[in-house]
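Dock chain S against the given chain Y, drawing on the hints supplied.
So the protein sequences, as listed, match chains Y and S. Each residue of the first sequence is one higher than the one before, counting from 1 in full-length UniProt numbering. Each residue of the second sequence is one higher than the one before, counting from 1 in full-length UniProt numbering.
Honestly, the hints are just simulated from the structure, not real lab data. Any given hint might turn out to be false.
Only pairs whose alpha carbons sit at most 25 Å apart, straight line, appear in this in silico DSS-like list of lysine-lysine [said to hold, decoys possible]:
1) S:K193 to Y:K300
2) Y:K428 to Y:K400
3) S:K194 to Y:K300
4) S:K194 to S:K242
5) Y:K343 to Y:K400
Stretch-level coverage of chain Y by chain S, calculated; a stretch enters the list once three of its residues show a Cβ under 8 Å from a Cβ in chain S [as the list claims (entries may be wrong)]:
6) 341-351
7) 396-409
Built from N, CA and C at the ideal position, the CB exists for glycine as well.
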Amino acid sequence: MEAHGWGRYPRINAAVLYPATHRECAADIASASPLIVRGLGRSYGDSALAERILDTRRLDHFLAFDSKTGLLTCSAGQTLDQILRVFVPRGWFLPVTPGTRYITVGGAIASDVHGKNHHADGSFCNHVTQVEILLGNGERRIASPTEHPELFHATCGGMGLTGMILSATVRLLPIASSQIIETTVKLRDLEHVLTAFEENSAATYSVAWIDCLARGKHLGRSLLMLGEHAETGPLTVNAKQAWPVPIDPPPSLLNHGTVAAFNTLYYQKTQRARSTRHVAFEPFFYPLDRLANWNRLYGKPGFVQYQFVLPHENGPRGLQTILEYIAESGRGSFLAVLKLLGKPNGNLLSFPMMGYTLALDFRAEPAVFELLAKLDHLVLEQGGRIYLAKDARMSESMFKTSYRKWQEFEEVRSRYHAHGKFASIQSKRLGLQ
Amino acid sequence: MNRVLIIGATSAIAEATARLWATEGAQLYLLARDQERLAAIADDLAVRGATAVQTAPFDATAFGTHEAAIAHAHAQLGAIDIVLVAHGTLGDQRACESSFELAHRELNNNAVSVISVLTHLANRLAAQKHGTIAVISSVAGDRGRQSNYIYGAAKGAVSIFLQGLRQRLSKANVHVLTIKPGFVDTPMTRHFKKGLLWVGPDVIAKHIHASIIKGRSEIYAPPFWRLIMFIITNIPTKIFNKLSL
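Next comes chain Y alone, as it looks inside the complex (with noise of 0.2 Å):
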């Protein structure tokens, strides 16, 4: 069947495998060719693409609840979705969370995600306290950083390239309302925002959205969205269902036109330059959710996420060249999200580092793909790196140089069995074995 990820593109033949138990799960890795694991196939590019495909939506439970702890052991294909909707309302939220809550705890922890507390609170796997991995021979590990720790920092953020994630235990935070006194502060131009993120990185969350049109002196002018969470208020989660995108609209519709029209209404929106207000965590968290399957505006070509980070010192001048550069090419992109990043973790493959990291949408054309190869030369010339878990098109040299513990990971991944068992279409292009 076609599989892709959630850019659609690439789009590749692949069986999918749907084991109901750990048993059934070891017999298909035993089998002769390597396959990878996919939660909800978040991913944007290939993270989650090979010719056998090993779908863990029927490993989704939950196992465990320590009320006093706040520790919430589950399988991995559980999803954060479910997560909050038994959670939140007996009062806890997740640590970490991504822009969407469709992704599995196995992706979460395959990638590492972050979220708009990372500079506070680190990664989805700083709150993971263990998991339990089927390794390539077949073999179950524990691992955690104090158990098999190399195959704990190997396996969070290695893009199922380990092993397969069985289970793990996350710490959830436990919170008195589930909704967020969000902050809007309208900044005129990219410096203005790099200014306004220092200014407020006391906040707990904090993540500004970028107008990537706007040249001249307008580059950069951003809407950024602070939020603490609520100290009274429901603890709710809203039953409504996202509004579906049913079929592939005509490429055309998002178009420079229409993608510079949205950005000037989005920006003009909000009058004041700062203003706060009480949400549901939703709205805060998860704008996209509520359009389901906002990946096929795009049309049949599909798209590609750009995310990368640069560091600290170089962010603000790497930020305006990077920006200018997009402008000036006119490839719109849609959604552009500014985070500042924190310290990194030990995780070997992970993405974060201290300093900012920017996200774009281009539609998948040939046009677009070079504009991309600039901007990696860009990205590696101020010391930066891209986000595994959005890249389709990376290239091999760009990884090994920018990933520099990609060899270690190599060597754990040799000792834990998982060469010939484990690898993606991504890995392939990366140059993994």
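This is chain S only, laid out in the frame that chain Y set:
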């Protein structure tokens, strides 16, 4: 608090429905073949809020074991407020056409085994004088179609059996619910190409859960299948035979 017995608890629809009951704090007793899967499901339901969850093995075609299995479940729960019969298989229609052995097995899995458990359950709930027996049948049982009439025949037999049972047990204040799902995206149908009419098991679960509360007798899940099957069952044979449904 509901005391719920589920036969075929590893079914995707059954698991989705069990999750709804668990969230309400129900006490659950689960019967299924695969104990490893059942253990994970039991843990999951406990975390979601089930007051208690017990599990036990169940072999649909070992008819001789059904009475004891149900007796044990009844004793452990104390009373049966709701029983959901959800086990079954979807065989290969073509293969069943050339092998009576396979067809026989399909009929045993989907009709005879259901009648077996319903015999014991009916007597117990009738004596109890309250409760709901909910059974997953199928729209396939409304009219035999060349693409799945062995499965359809089994489900049709179940639907008719339930009509009679409903009438009998109404005198004892026991409700009988026939659930007729349409196309559901589950492991049982993984080989099918999915289209607009397909829904997930959680959608069916919501309808089952609500219909039991409302005391319904026969439901199509989702409800639009009632109209579709009305049309299908009323197509004249001459025309029907020309179709390749």
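Results of checking the hints against the structure:
no.: 1; hint: S:K193 to Y:K300; in the structure: holds (20 Å)
no.: 2; hint: Y:K428 to Y:K400; in the structure: holds (13 Å)
no.: 3; hint: S:K194 to Y:K300; in the structure: holds (19 Å)
no.: 4; hint: S:K194 to S:K242; in the structure: holds (24 Å)
no.: 5; hint: Y:K343 to Y:K400; in the structure: holds (21 Å)
no.: 6; hint: 341-351; in the structure: violated (count 0)
no.: 7; hint: 396-409; in the structure: violated (count 0)
Of the hints listed earlier, those the structure fails to meet are numbers 6, 7, in rising order.
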